[in-house]
Amino acid sequence: MRLTPLTVFASLYLLVLYAPIVLLPLFAFNDGTVIAFPLQGFTTQWFAALLDTPALHQATLNSLVIAVSTSVFATILGLFAARAATRYSFPAKAGVVGFIMLPLVLPEVIVAISLLIVLMQLGLDSGTWSIIAGHTLICTPFAIAILQGSFSNMDRSLEEAAVDLGETPWSTFRLITLPLVTPGIIASLLICFTISLDEFIIAFFLSGNEPTLPVYLWGQLRFPARLPVVMALGTILVILSVLLLVLAETFRRRGLKRAGLKDTGGFL
Amino acid sequence: MSHSQTATQGKTQPIITLEGVQKYYGEYHALRGISAEIRQGEFFSLLGPSGCGKTTLLRAIAGFEDISGGVIRLDGRDMEGVPPNKRPTNMVFQSYAIFPHMSVAENVGFGLRRSSMSAEEKRRAVGEALEMVGLGKFGARAAHALSGGQRQRVALARALILKPKVLLLDEPLSALDKKMREVMQVELIKLQREVGITFILVTHDQEEALVMSDRIAVMFEGEIAQLDDPETLYRRPRSRRVAEFIGMMNFLPARVLPTGPGGGRIALEVAGLGPAELETAQCPNGAAVGEAEIGVRPESLTVLYEGQSAEGGREAEGTVREVVYYGDMTYYDILLDGAPAPVRVSMRNMPGRRVLDYGARTRLAWDPRSMMLFS
Amino acid sequence: MSVYGKVMRSEAGKGLTLISPTLVYALLLLAAPLISIVLLSFWTQQFLTIQRDFTIANYAEALTDPLYRELMLRSLRISGMVTMVTVVLAFPVAYFISFHVRPDRKSLWLFLITIPFWTSYLIRVFLWRVILAYDGPVNSGLIATGMIDEPLSWILYNANSVVITLAHAFAPFAILPIFVSLEKIDRSLLEAARDLGESKAMTFLRVTLPLAMPGVLAAVLIVFIPTVGDYVTPRLVGGSGGTMIANMIYAQIFDLNDRPMGATLAVLAMMVVAMVLLWGVSRLRFWLWLVDRAGGGAKGIGAAIGAALAEILVLRALFSLGPALLGPGVAVIVLLLLATAGSVLILMRVPKGRWGI
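Protein chains in written order, with my numbering: chain F, 6 to 273; chain E, 10 to 384; chain X, 16 to 372.
Read the hints as simulated data drawn from the structure, not as lab findings.
In this text the structure is predicted, and so the values were computed from the model without any measurement.
Here are the simulated BS3-like cross-link-like pairs (lysine-lysine), alpha carbons at most 30 angstroms apart as the crow flies: (1) X:Lys29 with F:Lys98; (2) X:Lys199 with F:Lys262; (3) E:Lys187 with E:Lys199; (4) E:Lys95 with X:Lys29.
Chain F on its own, in the form it takes in the complex (with noise of 0.2 angstroms):
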């Protein structure tokens, strides 16, 4: 690659885009209190800090649940509306497509802040399951967009092959277009996995007295003598998104291969 200005912005832009990031961890390990310039030196204790926060563990268990949960839901939805959009025609197809994906930029306040009304006026709690069917909600779309490239990247005739040799609507999707399009459904379960677990707003509106982690982080950050455990619980949630997000996209990548195309773009 040549060094010409173009090349110089980009590779900046990357810097900064990185730059916080790459704060983390260099706080998180630093032994003191300020989150300030010149580090301190390097200590552990705020990881060791983590463990022993009860309240800390009981919210990272409901955020796993919750994000489990809808990963599993969302993508399910996801595969029913992907599977549509891209094999059939019907009336209205790309307003209902449109209503369906409207989560993906609709701000998440009016969401959360409608899901909310909902529950005040029809006098339920809010809770961990009020957080699962908002993060489904938001998430749905981000999966369909997943699971349609999976889809689309199949050719068609490859299911009307099998039918045409002797197998059954639904043995063919067992056969065929399951196994071609596995990679696209564990690259959305890893991503709607991320979502939900890194997701604030809507949680932070429906979750009642059972805190998410993020939540549980706004919480803490009032408090400024508890900033380092929080850059160590980042730290934690950053290093688990990345790790997550190259499985999903080793998993997109071996999709493609399988269905022999080439590698065109990242996701959505």
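Chain F is fixed; fit chains E and X onto it per the hints.
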């Protein structure tokens, strides 16, 4: 042309009967009442420009499209409501549809999953099918590591392993380059003769259809314009449109004269050529007195060299307007005196025979027996 | 076969059946809640109970109270700034990835750019508070290197810090759509332009940029809409000067316990965003159409700029002088009619132009 000569029993029995088959896509009328009989064991082609409904018809026979009206009978049985997996047809798809996550052998043996054969029998059947298409050693190969021609052979083996009553081929050669296409044309003909199964080929390539088929249905806009064997189709096209679509044809304005000699003969005056007489068989649209058009193939016009003269004095004079040299052949566009547009003439290049120059004056011989009159 | 069976077997029937679980879910959890906040916005809160009489009192209050109006305008202003900064900075990067990165490396670059987007939003925003803090890395670093004597105060707890943080957070959103539209450009078009005698710069301006416009527009939408309603960033780094409409909505519901007012503000925020975008897209189409109708060149551009200036001046005058002259309610209605009816008229009458807008 006709290459399946073995008269198997029931050869005249139609394997497929189409009766007034209709297909609508919403408002769009894709098939406008198709009726035809496809005979047991023949190589049948559906030929037409893109959008003429040929692929729709093939897919309707396979069961991938529900028809809006009419009847499709396969081996005497009405196919209404019979799903593709229950029909005794198999298909070679345009994209070949080779399952990318399976090996070549798994692809070929795909349709045997539900059969009662033992594993050993299945293995042998797959081996034989692969041998048949010349891919004997390729069984363990991953499907996505195949070339275009190999993919097509796998698709063929996969479809034929179930011994279908009819094999449907959807533009199977269109993805191949010219050389490979010619090789596969010959192989398909051989294969068809070997297995004796009825083949229905969809193609937009008239040359391919002429080379391969026993009979061809030429389709325009959802209708069969003409159904005949290749030779009849070429020599006696029943409409100007078919004539234009199959091979190359020159059209010259003509006038049907009221002073016919009778006895089934028609007298006319052709622009650039002069007076001529045709049989009624050469007038598919009738021969009403007045303006009409004659069609004549390039090879039915002959350049006369010095000293040569035409039989019966049927000669015309003109100027060479274009010379297209093909090696074995030369095409001339010649503007005949009194004709509104040039006619194309094809001449075989022989040793010692000079190629005419652009702008040269020349004489042409013509034969009324090779003409068609369209009104 | 019964009519029902026929419908179910048809292509449309199968498609609708298949998508129905997802659609029903979205209807129940998105459409129904959205409709209920619209309903709620027409009710009023009376101490602890909700008065279920239809009234537009909330809207009257929301549109005339200077506090709400200031917050709404500030949200639009901040989002507009964020959108501009993100799109302008993102375009060269998208261009670089599409045109200068080797094809087999493109997905790596895209992956690198999207990673930060997938990590916790909360943490990223919070990190900016840490970075920009009075005693944070930026200030302590600058003081240590002797570039400044005392910490900069204008970089945290105001609108600037909100713009910086949001622009950073939404960067990948802007890059992806622009990249996609750049990738779609047939490279031989650019070669054709060069072959026909255009310089590299002019080829970019006359071919690449117009063809990338759909992507730029998508980037604008995808950054502008969510940022108007952002809650976390103004709360964490905005201070009092950077508070936005979402913070007010939250306060109405949780702190003031006035849910109908919160709902009203939420509905208004969505409507205002929709109108602003409708206005922008329709006027862009209209101005481009004017340019083309005048035969392009200086004359066409002049006509378009004239039309744009005239309308903006009228709208501005209405906005600042209208309430005094016509009364606040009437002024708002006239303003909305002018802007939105004009948008609808343009979108219906003026055909889609060559930029795909």
